Amino acid sequence: MNTTTFQPIAARPAPANTSGPLAWIKANLLADWATAVSTLVIGGVLLWYVPQILNWAFVKAVWLPSFDACQGKDAGACWGVISEKYRLIIFGRYPFEEQWRPLVATLILTGLLVLSCMRTCWKFWLAPLWLVVLAVYFLLMYGNVLNLSKVDTERWGGLPLTILLASLSLIMSFPIALLIALGRRSNLPAIRSFCTVYVELIRGVPLISVLFMASFMFPLFMPQGLQIDVLVRVLAGITLFAAAYLAEVIRGGLQAVPKGQTEAAATLGLSYWQTQRKIVLPQALSMVVPGIMNSFIGTFKDTSLVTIVSLYELTGSMKLAISSDADWMPFIMEGYLFIALIYFIFCYGMSRYSQWVEKQVNKSKLR
Amino acid sequence: MSETKTTHSMITFDKVNKWYGNNFHVLRDIDLSVAKGERIVICGPSGSGKSTLIRCINRLEEHQQGRLVVDGTELNDDVKAIDRVRKEVGMVFQQFNLFPHLTVLENLTLSPMWVGKLPKKEAEEKAMAQLNRVRIAEQANKYPLQLSGGQQQRVAIARALCLKPKIMLFDEPTSALDPEMVKEVLDVMIAMADEGITMLCVTHEMGFARAVADRVIFMDQGQIVEQNNPHDFFNNPQNERSKDFLSKILGH
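In order, the protein sequences belong to chains A and B.
Position 209 (the first sequence) corresponds to 209 in my numbering; numbering is contiguous.
Position 171 (the second sequence) corresponds to 171 in my numbering; numbering is contiguous.
One chain only, chain B, in its complex shape:
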């Protein structure tokens, strides 16, 4: 059984490789170990494989070589393993991906009621608690498209939190937002970081990285080029590629 060997680490990538089609080698020999409660920010130029990397963790993308173990479960074609992992992993998308035909409250109670088999009343109480946490409870009965982008993303975070995940994945959560709304989303994420949940966040919000990340990972061309704590990564990048990237995003 693969469930015992990899203790201490919440997520382990072991020489993981992935291709799109035959020619696009999107992840190359990824080795990465994420400790329980660790908060990681992943950055890098577009097309570098950051999103694909975190999407492998809940099997939205499948890797073709290497081992990927999440909370003691190895991800492979076993559907039960995938289900087990998805119960532990919440995800927030760049485009929110709220269900537009359901109200905010229904978006939050859907999975607890249908997957978790909670009675409606209990699911709604828990959902309202999460909405309070992201400070948006008064919008519970509106439809997603009636909210601003920042509000929608906070709902999406609350929806993921309803499943009490051990790991949260953020795929560029603020990239689709108006500048004035970025802060309200980051504030919610920072508050969440204090609660010991394991977080992996693809983002270019360097202020957020400095404030909460334990480790910053820089990727380029499907590889992890450099990883370090935020202070050292920003002030003293070691690799030429990361220096170049940082000079571009911090340069103005």
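This is chain A alone, in the form it adopts within the complex:
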């Protein structure tokens, strides 16, 4: 029998260029008659509406804080309302001449939030730095020291309050959610049922009612003379609420880690907590980054509900600022668009950050 030698076929380049703008249009916009028709219809609708929207929002818009100009027959959007009221919208009921304090405090807090998101800053000094920044934040905001006048928490408001509520409740809910998620998979029946009941109870009620209880019912059960600040109670309410949802997201990740991983860890002698910390959680969390960020963004926007217990965060302070002034009240739509833009900037930033985190944690999966 003859033996033949294996002759590998040399690799060749892919066939002639199928990319480029023309090819893209053909493939994506005019592939067949149905695609072509929908391209035409959607294009027509866009051509009709986009110029009108641009016209309203920019060309005919009134930018001056002049009430009369906004009344003009042909006037578009009245951005004057924002120029007139932006400080009230952004800082809420915080005393007008003291508004530099929430500005500085929030800039420091936001700066630290950004630092905490960067990998190079994940060092041990971050924890004490947080304590320092929070202390400075509350001293600045609350005052009553160093010639700063006292400002009660119920006067705090606007964007600083939104950022404070969101960042603190997210940071505190995360460790709680981790424990609840682990607890729901515990071998100990007492822990498992406690965590399950917790999640089901919290998920069973709307955030509004949690806030309501935290704000109005909780004080009724407190012993006489013991008062917990409404801001703290509301913060606790949001935190416990967010933790229940986050716990379920994390539990989804825990379930996706193969059993072989914990078995291998057990044969290597790792304890339960070592196994969770070193093996299970890193894999589980990296799988559910999109879900966690979903939950975070949801909580960020949920803070707008604290208005019902008379804390005027961004949404509340915007409504308060514009609807309390009969002249400007017709232009509350512009107010909503303005805060929508602010919310969007924050949420989009969180979303981009989440994509970066996903890239980081997926490095080990790249071949």
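Derived from the structure by calculation, the hints contain no laboratory data.
Bear in mind that the values here come from a model prediction, so they are computed numbers and not experimental data.
Virtual Cβ for every residue (Gly too), placed ideally from N, Cα, C.
Please note that a few of the clues may not be correct.
Stated by the list, open to error - Here chain A is said to cover these stretches of chain B; the calculated rule only asks that three of the stretch's residues, wherever they fall, bring their Cβ under 8 Å from a Cβ of chain A:
hint, stretch
1, 89 to 102
2, 157 to 167
Stated by the list, open to error - Just the calculated beta-carbon pair ranges, DEER-fashion:
hint, chain 1, residue 1, chain 2, residue 2, range
3, A, Gln255, B, Gly47, 24 to 30 Å
4, B, Glu122, A, Thr120, 25 to 31 Å
5, A, Leu30, B, Asp178, 43 to 49 Å
6, A, Val361, B, Gln227, 46 to 52 Å
7, A, Gln360, B, Lys120, 20 to 26 Å
8, B, Gln221, A, Tyr353, 54 to 60 Å
9, B, Pro179, A, Lys301, 52 to 58 Å
10, A, Glu358, B, Ala129, 34 to 40 Å
11, B, Gln221, A, Gly298, 50 to 56 Å
12, A, Lys123, B, Gln227, 57 to 63 Å
13, A, Ile191, B, Gly47, 31 to 37 Å
14, A, Gln255, B, Asp244, 38 to 44 Å
15, B, Asp178, A, Thr120, 37 to 43 Å
Put chain B on the given structure of chain A with help from the hints.
The following block gives chain B in isolation, referenced to the frame of chain A:
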């Protein structure tokens, strides 16, 4: 104390029984004694309880009746006993079970650093020595999924060896591998067999059994049906069930 009576034997099963749920009697009256340094190959049809048997040895599965003593420690609900046994017993799985989020080197140093409390540098030196032993040192800084199956399994063996176990358990270590990679893993295991470590290996690699096993155990339906040295087991099986099994796996 149960620590003294069972000398000479490294692992002793004494009428061990185990059930999954209420109805599936997976291990039935297992009596088995493994001497120090002995190399045992366990084979049998799927569902016969081979994997469960060796997984009882490091308590990945618990037995419900009978006594199981490993290196002088009886396995029961005592968590300290389990920890003590797991320090002596290394295990290699069919699916490798490497930690995909850690590099090869980190996979090896994890337990020595966190359980054995070794300083990082020392743990890494020892890990590199083990990687050299399985001839894969140049891959130390890659992630497991960047390696071939055979390489991953060699890393898994090195990881188990980092703990200097007295006993090594292999649960079908080559079953998930491409045929071309089986040999590189078996070569590593054969080299290890020469070092006097007690080995229990669930496998159908009969060439490996012939080359290194002191004893072949054939299991079916949760029982040990036949055990013998490899030569006699393959050439002259005594039980009808083992004859039938051998004719199927060696028949082509």
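Hints and how they fare:
no., hint, verdict
1, 89 to 102, "holds (count 11)"
2, 157 to 167, "holds (count 3)"
3, Gln255/A x Gly47/B: 24 to 30 Å, "26 Å, holds"
4, Glu122/B x Thr120/A: 25 to 31 Å, "28 Å, holds"
5, Leu30/A x Asp178/B: 43 to 49 Å, "46 Å, holds"
6, Val361/A x Gln227/B: 46 to 52 Å, "48 Å, holds"
7, Gln360/A x Lys120/B: 20 to 26 Å, "23 Å, holds"
8, Gln221/B x Tyr353/A: 54 to 60 Å, "56 Å, holds"
9, Pro179/B x Lys301/A: 52 to 58 Å, "56 Å, holds"
10, Glu358/A x Ala129/B: 34 to 40 Å, "36 Å, holds"
11, Gln221/B x Gly298/A: 50 to 56 Å, "54 Å, holds"
12, Lys123/A x Gln227/B: 57 to 63 Å, "58 Å, holds"
13, Ile191/A x Gly47/B: 31 to 37 Å, "34 Å, holds"
14, Gln255/A x Asp244/B: 38 to 44 Å, "41 Å, holds"
15, Asp178/B x Thr120/A: 37 to 43 Å, "41 Å, holds"
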